[in-house]
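As they're listed, the protein sequences go chains A and B. The first sequence runs 1 to 334 under our numbering. The second sequence runs 1 to 334 under our numbering.
Derived by calculation from the structure, the hints in this document are not laboratory data. Errors might be hidden in some of the hints.
What the hints assert, rightly or not - When the alpha-carbon atoms are kept at most 30 angstroms apart in a straight line, the in silico DSSO-like pairs for lysine-lysine are as follows: (1) A:169 to A:298; (2) B:60 to B:298; (3) A:144 to B:144; (4) B:70 to B:60; (5) A:144 to A:169; (6) B:144 to A:60; (7) A:70 to A:60; (8) A:169 to A:70; (9) B:298 to A:144.
Said to hold, decoys possible - Distance windows between CB atoms, simulated: (10) B:29 to A:171: 53 to 61 angstroms; (11) B:29 to A:254: 50 to 58 angstroms; (12) B:60 to A:256: 42 to 50 angstroms.
From the three backbone atoms N, C-alpha and C, an ideal C-beta is built for every residue, glycine too.
Protein chains: 2
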Amino acid sequence: MTQPCATEIRLASRPQGEPTLNNFETAAVDLPELQPGEVLVRNTFFSVDPYMRGRMNDSKSYVAPFAVGKALDGAAVGQVVQSRHPGFLPSTWVASLCGWRDYFVAPAQNLRIIDATQAPASAYLGVLGAPGLTAWVGLHDILKLRSGETIFVSGAAGAVGSVVCQMAKILGCRVIASAGSAAKIAFLRNQLHVDSAFNYREANIEQELREAAPDGLHAYFDNTAGPQLEAALGRMRNHGRIALCGAITGYNTPVPGPRNLGLAIGRRLRLQGFLVVDYLHRMQPFLEETIPMVRAGKLLHQETIIEGLQHAPEAFISMLRSGDAHMGKMVVRV
Amino acid sequence: MTQPCATEIRLASRPQGEPTLNNFETAAVDLPELQPGEVLVRNTFFSVDPYMRGRMNDSKSYVAPFAVGKALDGAAVGQVVQSRHPGFLPSTWVASLCGWRDYFVAPAQNLRIIDATQAPASAYLGVLGAPGLTAWVGLHDILKLRSGETIFVSGAAGAVGSVVCQMAKILGCRVIASAGSAAKIAFLRNQLHVDSAFNYREANIEQELREAAPDGLHAYFDNTAGPQLEAALGRMRNHGRIALCGAITGYNTPVPGPRNLGLAIGRRLRLQGFLVVDYLHRMQPFLEETIPMVRAGKLLHQETIIEGLQHAPEAFISMLRSGDAHMGKMVVRV
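Excised from the complex, chain A in its bound form (with noise of 0.2 angstroms):
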């Protein structure tokens, strides 16, 4: 069996402030043979991400930023062609972090073998994957939600936002949405049965959370920073908690910090900053819980699929605009 040619996609160029084309390139690459251990996996899925806008900066962070010449990468699920580990027979599927190409060779004990007659194999990308561990973690990990509080949920329509907001409602709570359109949010009312959805870009933040929440907030999970922490803080009731799981908002360009921060010492708010990376040891557990409410239809597997490698790009600058060209999870199919 011949290997095949590989393609990939490299950053060109660190984008300044919001990415274009001309930051990514794509190269074909000749794999290696296997050696003892190793598969060859070709990719089906793999995953577009707010967080990898940051890697594209050439400064210190809690992952390596991506070098100028050299692929992106990113989660990935797709199958074993040919296989030099006893536990990774041909056509198993396999969760990565080789994503952004179509063929690779890695050990196997990078790899997480996935159960895809439970689920649809992109699902490992969102709701199974890190998105969906990322919203259970905040919600029971950082922010202890319990039943019949109520929760405010920046960038609801994204891929972990909108699993945030499907297993609040789950959990018995009130569930305020944002998202950035109409169709989205749209589909935050219609299809994931929030109590409150609106369109940051035209309404008036604070005054949609004193209607939506005249009791105040118990919890924000922030998906945003920018205007939208500032007003979630204004809203907090004493003793709230944020989880300050992603800041899109400044992700191209900086925004301000929240003038308001102060209120967190009369309110003795918590804010806490995490990771899913440090909760991959939560992934079975979760997994257990999340895969039966998804094969149950109560948890929506919502994702967008773009089709082909060479869309990639386009797919991550879509994201990052947080357009109406996708729902819940961004997915590239290979």
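Fit chain B to the supplied structure of chain A, relying on the hints for placement.
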């Protein structure tokens, strides 16, 4: 025994920005006859504290605003003069929340007996009072500070900050302290023996923290908010903790929020606001631990005493200016 006529200091008008003497007025009031269970107390010392500035605004907060035309209040210590409660004999030392006046009548149940043989009575307004408890709760309950860690303390020469510095040193931590004058810096270095101290008004705060904490900060005890909070955020280690205790920088005029709050995500920071009023149940264990430290001279009881009830407004204004005029706890001797 006839009732003395009491003198009290009232809020004459709400300050706009920095308070002035015109915002205060002195008034004579007749005291009521004692009812059963009540005592008449002569105040010896009372406290002027930064949080009182917030109460001078007509805005909703964790404590009701001061009313215009009514007496101010706050922590005080004094001695019982007359009593209709068997547990409070004349001469008993008591702590109350009836400051800013010389005499008052109150139900004995609102008072707490203090042991003035163990420490000077005024210490129960500082290191053994709410400021000391604030420091202790902040270090133990909020920051969960551990031996060997590096902590930055802003407002470090103040009533709370000076206790934080000393307790952190006793715990075996590296302490970086900031204050607003050369005299305070000398006090921090020579009397509190912090590892590093700088004048935040003159220094490049980022550079000071970089040099004093090359490996970053495990914890930050924030008494100021503003630029020091922003600089501390930039220096926090992964999983760092920030206790939001005070925001004196913004008490008179609003300050911008920290533009780098987004760092809290990647570094998994926790920012926790707290109020000592939620921890009054910990006063007894706090005193049991702290009184011996004060008696042994391990915990310096630093205070600035202003003589005379009539000078309390000046003392308060001066404290907010954070000038050279005082170190540690500022108290007024009646």
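Structure-based check of each hint:
Proposed proximity of residue 169 of chain A and residue 298 of chain A is supported: the alpha carbons are some 10 angstroms apart, at most 30 angstroms. With a CA separation close to 40 angstroms, the supplied pair residue 60 of chain B and residue 298 of chain B exceeds the 30 angstroms bound. Restraint check for residue 144 of chain A and residue 144 of chain B: satisfied, since their Cα atoms lie roughly 20 angstroms apart, inside the 30 angstroms limit. For the hint linking residue 70 of chain B to residue 60 of chain B, the alpha-carbon distance of about 18 angstroms falls within 30 angstroms, and the restraint holds.
For a cut-off of 30 angstroms, the pair hint linking residue 144 of chain A to residue 169 of chain A stands: about 14 angstroms separates their Cα positions. Of the pairs offered as hints, the one joining residue 144 of chain B and residue 60 of chain A holds, with about 27 angstroms between alpha carbons and a cut-off of 30 angstroms not exceeded. Between the alpha carbons of residue 70 of chain A and residue 60 of chain A the distance comes to roughly 18 angstroms, so the proposed pair stays at or under 30 angstroms and holds. Distance hint between residue 169 of chain A and residue 70 of chain A is unfulfilled; the C-alpha atoms sit about 42 angstroms from each other, more than 30 angstroms.
Restraint check for residue 298 of chain B and residue 144 of chain A: the C-alpha separation of about 40 angstroms exceeds 30 angstroms, so the hint is violated. In this structure the hint that residue 29 of chain B and residue 171 of chain A lie 53 to 61 angstroms apart at CB holds, the actual value being about 55 angstroms. Look at residue 29 of chain B against residue 254 of chain A: about 55 angstroms separates their beta carbons, and that is inside 50 to 58 angstroms. The given range of 42 to 50 angstroms is broken by residue 60 of chain B and residue 256 of chain A, whose C-beta atoms sit roughly 24 angstroms from each other.
When the structure is compared with the earlier hints, violations turn up for hints 2, 8, 9, 12 and for no others.
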